[in-house]
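*Asks:* Okay, here's what each chain looks like letter by letter:
Number of protein chains: 2
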Amino acid sequence: MGKTFPGQIRLMDNPRPTFPGEMALIEALAREFGTPPPPVVLGIGDDCAALAVDGGRYLLWTIDTLTEGVHFDLSYMSLAQLGWKALAVNVSDIGAMGGEPRYALLALGWPPQRDRTGALELARGLQQAAREFGVAIIGGDTVSSPGGVAITLTVTGWVPEQEMVRRSGARAGDLIHVTGVLGEAAAGLEILKNRVKLKPAMKDPLIQAHLTPRPQHQAGRLLARRGLATAMIDLSDGVATDLFHICRASGVGARLEAERVPASPLVKAAAPLLNQDPLDLALKGGEDYQLLFTSPPEKQGALFRAFTQAGLPPPLPLGEVTAGDRVLLVTERGEEDISGAGFDHFRGGAVSS
Amino acid sequence: MGKTFPGQIRLMDNPRPTFPGEMALIEALAREFGTPPPPVVLGIGDDCAALAVDGGRYLLWTIDTLTEGVHFDLSYMSLAQLGWKALAVNVSDIGAMGGEPRYALLALGWPPQRDRTGALELARGLQQAAREFGVAIIGGDTVSSPGGVAITLTVTGWVPEQEMVRRSGARAGDLIHVTGVLGEAAAGLEILKNRVKLKPAMKDPLIQAHLTPRPQHQAGRLLARRGLATAMIDLSDGVATDLFHICRASGVGARLEAERVPASPLVKAAAPLLNQDPLDLALKGGEDYQLLFTSPPEKQGALFRAFTQAGLPPPLPLGEVTAGDRVLLVTERGEEDISGAGFDHFRGGAVSS
Numbered sequence: 001m002g003k004t005f006p007g008q009i010r011l012m013d014n015p016r017p018t019f020p021g022e023m024a025l026i027e028a029l030a031r032e033f034g035t036p037p038p039p040v041v042l043g044i045g046d047d048c049a050a051l052a053v054d055g056g057r058y059l060l061w062t063i064d065t066l067t068e069g070v071h072f073d074l075s076y077m078s079l080a081q082l083g084w085k086a087l088a089v090n091v092s093d094i095g096a097m098g099g100e101p102r103y104a105l106l107a108l109g110w111p112p113q114r115d116r117t118g119a120l121e122l123a124r125g126l127q128q129a130a131r132e133f134g135v136a137i138i139g140g141d142t143v144s145s146p147g148g149v150a151i152t153l154t155v156t157g158w159v160p161e162q163e164m165v166r167r168s169g170a171r172a173g174d175l176i177h178v179t180g181v182l183g184e185a186a187a188g189l190e191i192l193k194n195r196v197k198l199k200p201a202m203k204d205p206l207i208q209a210h211l212t213p214r215p216q217h218q219a220g221r222l223l224a225r226r227g228l229a230t231a232m233i234d235l236s237d238g239v240a241t242d243l244f245h246i247c248r249a250s251g252v253g254a255r256l257e258a259e260r261v262p263a264s265p266l267v268k269a270a271a272p273l274l275n276q277d278p279l280d281l282a283l284k285g286g287e288d289y290q291l292l293f294t295s296p297p298e299k300q301g302a303l304f305r306a307f308t309q310a311g312l313p314p315p316l317p318l319g320e321v322t323a324g325d326r327v328l329l330v331t332e333r334g335e336e337d338i339s340g341a342g343f344d345h346f347r348g349g350a351v352s353s
Numbered sequence: 001m002g003k004t005f006p007g008q009i010r011l012m013d014n015p016r017p018t019f020p021g022e023m024a025l026i027e028a029l030a031r032e033f034g035t036p037p038p039p040v041v042l043g044i045g046d047d048c049a050a051l052a053v054d055g056g057r058y059l060l061w062t063i064d065t066l067t068e069g070v071h072f073d074l075s076y077m078s079l080a081q082l083g084w085k086a087l088a089v090n091v092s093d094i095g096a097m098g099g100e101p102r103y104a105l106l107a108l109g110w111p112p113q114r115d116r117t118g119a120l121e122l123a124r125g126l127q128q129a130a131r132e133f134g135v136a137i138i139g140g141d142t143v144s145s146p147g148g149v150a151i152t153l154t155v156t157g158w159v160p161e162q163e164m165v166r167r168s169g170a171r172a173g174d175l176i177h178v179t180g181v182l183g184e185a186a187a188g189l190e191i192l193k194n195r196v197k198l199k200p201a202m203k204d205p206l207i208q209a210h211l212t213p214r215p216q217h218q219a220g221r222l223l224a225r226r227g228l229a230t231a232m233i234d235l236s237d238g239v240a241t242d243l244f245h246i247c248r249a250s251g252v253g254a255r256l257e258a259e260r261v262p263a264s265p266l267v268k269a270a271a272p273l274l275n276q277d278p279l280d281l282a283l284k285g286g287e288d289y290q291l292l293f294t295s296p297p298e299k300q301g302a303l304f305r306a307f308t309q310a311g312l313p314p315p316l317p318l319g320e321v322t323a324g325d326r327v328l329l330v331t332e333r334g335e336e337d338i339s340g341a342g343f344d345h346f347r348g349g350a351v352s353s
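Chains A and B supply the protein sequences, listed in that same order. If you're matching positions, the first sequence starts at 1 in the working numbering and goes up one per residue. If you're matching positions, the second sequence starts at 1 in the working numbering and goes up one per residue.
What the hints contain is simulated information worked out from the structure, not anything from laboratory work. Keep in mind that a hint or two might mislead.
[What the hints assert, rightly or not] Below 25 Å or equal to it, Euclidean Cα-Cα: the simulated SDA-like pairs (lysine to any residue) are:
| # | chain 1 | residue 1 | chain 2 | residue 2 |
| --- | --- | --- | --- | --- |
| 1 | B | K193 | A | T142 |
| 2 | A | K268 | A | L192 |
| 3 | A | K193 | B | T142 |
| 4 | B | K193 | A | L192 |
| 5 | A | K193 | B | Q113 |
| 6 | A | K268 | A | T212 |
| 7 | B | K193 | B | Q208 |
| 8 | A | K193 | B | P265 |
| 9 | B | K193 | A | P111 |
| 10 | A | K199 | A | P262 |
| 11 | B | K268 | B | L316 |
| 12 | A | K299 | A | P262 |
| 13 | A | K193 | B | P296 |
| 14 | A | K193 | A | E121 |
| 15 | B | K199 | B | P265 |
| 16 | A | K203 | A | G301 |
| 17 | B | K193 | A | P112 |
| 18 | B | K193 | A | P146 |
| 19 | A | K299 | A | D277 |
| 20 | A | K193 | B | P146 |
| 21 | B | K299 | B | K268 |
| 22 | A | K193 | B | G148 |
| 23 | B | K193 | A | G148 |
[Stated by the list, open to error] Short derived list, chain B residues pointing at chain A, Cβ under 10 Å:
| # | residue |
| --- | --- |
| 24 | G55 |
| 25 | D73 |
| 26 | L74 |
| 27 | G109 |
| 28 | L126 |
| 29 | G173 |
| 30 | L175 |
[What the hints assert, rightly or not] Which stretches of chain A does chain B cover? Using the computed rule of at least three CB atoms under 8 Å from a CB of chain B, they are:
| # | region |
| --- | --- |
| 31 | 130 to 141 |
| 32 | 199 to 208 |
| 33 | 251 to 262 |
| 34 | 324 to 336 |
No experiment lies behind these values; they were computed from the predicted model shown. We put the beta carbon where it would ideally sit given N, CA and C, even for glycine.
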C-alpha cells in the first residue's frame, strides 16, 4: 500500500463543480420522501426504482432530463441526435440494473420562438433510438419552455427478480470492470466546445461518442442473467464519481490502477492536441455510458467466456474493491484519493456534459 | 336547434393561443412513434398510457411538466405549493382514467443561482401531496436549469381492466357532467397576475384553487368502479378544449347549455371586479382539475346515489353528447361553435395557466 493523500481532491481543468452538493441534496430529498414500503423494492439511490408488481420480475423505472445550455448545445448537436441521446441515457440506467428497456414517455419543453417542426426532427431521432433499443414511446407531455429545449424521458423495463443488480452488492476482493474504453465522449465534447480542428478519422468517432452514445444494456442483461456482477452502475458522471456511488452504497472502498484505466486509444492520441490528460478524460470525463461493475474473482473465467460467447467485447478490469470507504487511484507516485472528483448535474450552468 | 357560427371561434381576452397547433403536433408525434403493440393498451392520446402487465389490472402511467414563467410564477407561489401542484396535476390524470395513483418519480431542474435549500421546501410540499393522495415518491433526477425551475413528475397507478375509462367511449345521448364548479383557478390566476385587491373571503379560495388544486381521483375511482362513465378527462385546459378532446376521441359532438355551465358562485361574484366574463372563466379558464365525464341517461339515478353514498358532492350536468363533431354552446343568442377555444401548452410564454 502506498501513501494516501486524504483531502487532496484533484478537479478537472475545466470548471466542473464537485458532486457532494448534489449527493447531499439527493440524500436530503430521500429523507424527506421516506422509505417506501413493499412492493417498492428499490427507491431513491440506484440507477432505477424497482417495483414488485408482477410475479417473478421487477418493474424498473427511471427518469432523466437533458437541458439546453447545460447538457447540450444545438449549435453543434442536431435535434435528431438529441432525441436519440435522451432515450439512450435512460436505457443505460435500465441496463445498469440488468434490465431490458421496454416503454417510455416523453416530456418535451419547447421554446415558443423555435420552429415546431424541429420537434418532429427530435421525434425521428428518438424513434430511431427506440427501434434500436426495443422501446415503445407510448405517451408524453408538451410544454412551452422559454429557457430553451428541455427533454425528459421516463423509461420502464423488466428484470427477473433474482437477477437484478444493485449498486450495493460490491464486496471487498471483487474485481472492478468496465464494458468498454473510456473518455471518448469527454474528448468529443472538448472538440465540439472548442471547435478544435483534427483529422476526421480521429475527431468523428469522439464526437459521435458524445452526441449519440450507445448504452450497454445488452452487456448488463448478460451480466444479470449469468449472475456475474455483484454491483453495477452506468458511467454518466465518470468512473471517479460513479465508482464512489457503488462504494458508498456497498459500504466498501476501491483501488484503481491508473495504468489499467482503459482510456480509449483515440483519446490517448487526441488528448495532447486538446491540452487534456487522457487519464483525466477517462476517469472524470463522464457520459461514457459504459457499465461499471464488480465481479467476484472466482467468476473471472465465466465472465470472459460469457462475453466472448455472446459476441460482446470482453470487459476491461481496472481495479479491485477494498475494505474502507475511499476510492484510491494507484499511480507511479503512490495513491491518490479521488472520492470527490466528478461532475455535479445540479450546479453547472455552462455546457459541461 | 339554433343557428350555428362555424369558424367563429371566440378566444379569451387574455392572449392565449389556440390549441390546434399543439394538437396537430401531438398527432404528428403519435404518427412518428407508431401504434405500440400489446401489452400496451393505450398509447398517445389519453390522460395516461395503459399497460397490461399484471393479470386483471392495467398499469396507468402519466407525465407532466410545470415550467417557471409559463405555468407558475414564484413571486406569488411558494416552492412548497409548486411541489404540491406538480403532483396534483399528475394524480388528476390517473383519476381521469378511473385509476388509483401509487408511485412517482421527480425530475427537478434547478437554476444554478437559486438557493438549493428551496429544493427541500419544494420536496416538503410534494411529500405533503404524496401523503394526501397515497403516492410514494421513489426516485428521480436533479439537473441544472438556467432558464428557471422546471418540475416534471411521472406517476403510475392501477385500474382494474374492466373499469378503465377512456376518452373514446362517449356516445350520442350521453349526458355531460363535471365533478365540481368551474373557473376558480382561472379567477385566482387573474387575481395573482394583476395583483387585484379583493376581500380575503372572496380572494383566498380562488387563489388556493390556482395554487393548490385538489385532484378528483376519488370521484374518478367511484365512477370507474360503478361503471357510470362512458368517457372521462381531467379539466386542465378548460371545458371547451377538454370536451373537444373527448368528442374527437369518441367521434361525437356535444351541446353545452350556457346557463348550466357551473361557474362557481365565487367566480360569478369576482368576475366583474376582474373585468372577466364568468362563463369564459368557467369554460376556457383551465386548471380546474375537476373531472369532465359522460354518462348514459339511464344511469343518472345510480350516478347521483353513488356520489351521495360516497359522501362526494353530486356531479353537475351541463350538456349532452350529440352526433356530429362540433362542440356547441347554447346561449340565449343561439348556438356557438367553441371547438377551438382553449389553451395551448406548447406555445405560451407568459404565465398563462
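*Asks:* Of all the hints given earlier, name the ones this structure violates by number, lowest first.
*Replies:* 4, 8, 13, 16, 19, 21, 25, 26, 29, 30, 32, 33 and 34
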